[in-house]
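Participant: The listed protein sequences derive, respectively, from chains A and B.
With UniProt numbering, the residue at position 28 of the first sequence is 28, and numbering never jumps.
With UniProt numbering, the residue at position 334 of the second sequence is 334, and numbering never jumps.
Incorrect hints may have been included.
Note that the list lumps identical chains together, so a pair holds whenever it fits in one copy or between two copies.
EDC-like mimics (lysine to aspartate or glutamate), calculated; alpha carbons at most 16 angstroms apart, straight line [to be verified]: (1) K52 / D115; (2) K240 / D343; (3) K52 / D343; (4) K240 / D338.
FYI, nobody ran anything at the bench for these hints, they're computed from the structure.
There are 2 protein chains.
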Amino acid sequence: MTHTYALATEGSGSGRGAGGYESVAGGNGDEERLARAGLSRVVEPGDVAALKAFEGLLPLEIWDRLQHNAPDLERWSTRLATADPHRDLERAAAAGARFVIPGDDEWPADVEVLDEAGQLSRRAGVPFGLWVRGRADLRHALTRAVAVVGARACSSYGEHVSAELSAGLADNGLTIVSGGAYGIDAAAHRGALAAAGTTIAVLACGVDVSYPKRNSALLSRIAEDGLVVTELPPGCAPTKLRFLARNRLIAAITQGTVVIEAAVRSGALNTAGWAEQCGRPVLAVPGPITSRMSAGSHLLVRERNAVLATNVAEIIEAISPFGTNLTQPARATPTLTDTLAPDLQRTLDAVPVRNPAPTDRIAIAAGLDLPTTHQSLQTLAGLTLVTQTPTGWRLTTPEQQPGTW
Amino acid sequence: MTHTYALATEGSGSGRGAGGYESVAGGNGDEERLARAGLSRVVEPGDVAALKAFEGLLPLEIWDRLQHNAPDLERWSTRLATADPHRDLERAAAAGARFVIPGDDEWPADVEVLDEAGQLSRRAGVPFGLWVRGRADLRHALTRAVAVVGARACSSYGEHVSAELSAGLADNGLTIVSGGAYGIDAAAHRGALAAAGTTIAVLACGVDVSYPKRNSALLSRIAEDGLVVTELPPGCAPTKLRFLARNRLIAAITQGTVVIEAAVRSGALNTAGWAEQCGRPVLAVPGPITSRMSAGSHLLVRERNAVLATNVAEIIEAISPFGTNLTQPARATPTLTDTLAPDLQRTLDAVPVRNPAPTDRIAIAAGLDLPTTHQSLQTLAGLTLVTQTPTGWRLTTPEQQPGTW
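Here chain A stands alone, though its shape is the one from the complex (with noise of 0.2 angstroms):
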């Protein structure tokens, strides 16, 4: 190995001035954010190997190991042959992408939740930056945001719910955080847009790839009003681990996840994990339990103590400090008869709705007494409930009444 990247341990790297990245390198976060791209490159996210050998050293320091072969850290040396750090900031910048790291304005401070999490599991890990396109303030974005997330082959039901939840969510200020995937993930971003509310994708591959495919120009309008995040390097492509790494972002950086349609062994499922060991809410939106696609999320509620969420109100209340933002359940307003004492309840039930019957014949059909009963009808009469006619009581048709009850 022979490339020492000289600049980056050596220089600030001003003076290039044709790369876009020094917009927002600050000042002496140049090294550091140079260092923190290298290792983006040659470190794969959730290198369990590498949280062990890295541990308590700086980035800095790392970086400066690594390009020292320091014999330790062998394992790295392939990728850092080919690691170019300046290059792949100038490719980002020609992508209208920034490198957010810690001590930036931008830098979303909750991530961090991933160092403790390590502890719990073995992909954790804080990101070294976050590769990040958009107009829009990262750290102020994700002030309140919540993932929604599931499955790619959803149900046109699982799609419906997640659109309306998402805008529902936008209207209330919420950001919308989601994988940019088919299915679920592209209906929530949908979602957010079309309530004009902020939606960020965050990715398994890098900020410049479109994948998939055929969300490229979603990926370019939540790029445009909202963010696109990957903690990957530019050009990369995904993999099936990079996307289960991925889930750990989009759970760290939210204060709650959503799953609507998940099976039983999916990505959304392994969203709803990390966040659980994030310390954040899970919630679960029902769905039919002849669906398949409801299976995750159904076990989610029995198996795993997540919310079950059937409006947006009820995922605010989740996601909200303990004791705000509570919901009212959904209960009718008693009826004024609900109110009713026993003896009046029996006998207005005892009163035919249409022939009129006389005070005996209700008094057995309501198992009273007659003196109880008369009372009762009398008092049923001034609540205007029941009619006396010659021939007896029956109901007060609702026209008779004179208000709704």
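Put chain B on the given structure of chain A with help from the hints.
Facilitator: Chain B in isolation, oriented as in the chain A frame:
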């Protein structure tokens, strides 16, 4: 009031060969059976005043005091004047029904839980007896029984699910108890009958009354293959309060209540409330959040700790003694690649599907050093997951693999 029921209080009623009730009124039980039949006519189900006035008295004592016009029982005098338990027992017998009371072999002692539930709510109380139509033995049929209830105006999804789950539960030897109403109830009964299982309709009217009218053929079939049960004497019409009182019986005589579809204000939620008070598990079947008919089910899960139920096994688990009949949560069996060590997974992830790549390219894609990559590829080849070609490595196509993984 002149009618004093001389026969009922003085004699056994034996010798009245024409009446059918003797066939079930075993010897000494006759007097008590007559008293209880009379009380079932005089006292409306769930009459709070009756529960209070009769507290601590045996049915024979209550009946005797009513006959003798005890001044504190004046409230029930109107109905008493029309009561004729002999005639009611005869009418029941003519309709192929019997009157089952405590002490009978058939008496389902579980219903006495309502004695305790009476402490909690206004409308409880153990019925004086149960009017039963059908050949099956009531107690035996209720040994393993589950209530399946829901909306009258259900969706086709609800109707389908009600029939399917009920058939599946019946296949597992469970008796399906429901209310004989349109919609979910009717589908539950039909599902059980279709599976040649036992089903019980608990009515809010006389055992000889066909209500609702359009279900009369269904009720006849239930009476033939299962049982029709009510606490109301023959000829009684259903009323709103009788439906509510009936719901407590459905909850009390079953080991759990399954709500399929229910509006937020519905009889099914009332039944669920009774099940809660009786200490029986409540299960709710989810549905689309876009359907108002599933709102009640979702409310039960969110607000009232109901168990989300998506299949027969989950229902059986919930109503079985703790720790028995446990379900295995639906989970795909891990594939071989799930169990690979991290480096093997990453190597495999980096091997192209079709166009072979040399080891060094795979090492870069995987982010691993050459020796590790080489070793990993050898292991993966041994597992027949990758294939070596003259130009490098590619994934083994499924048809090349020796078996399915």
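Participant: Are the hints correct? Go through all of them and say.
Facilitator: Hint check:
no.: 1; hint: K52 / D115; in the structure: within (12 angstroms within a copy, 64 angstroms between copies)
no.: 2; hint: K240 / D343; in the structure: between (68 angstroms within a copy, 14 angstroms between copies)
no.: 3; hint: K52 / D343; in the structure: between (75 angstroms within a copy, 14 angstroms between copies)
no.: 4; hint: K240 / D338; in the structure: between (58 angstroms within a copy, 11 angstroms between copies)
Of the numbered hints listed earlier, not one is contradicted by the structure.
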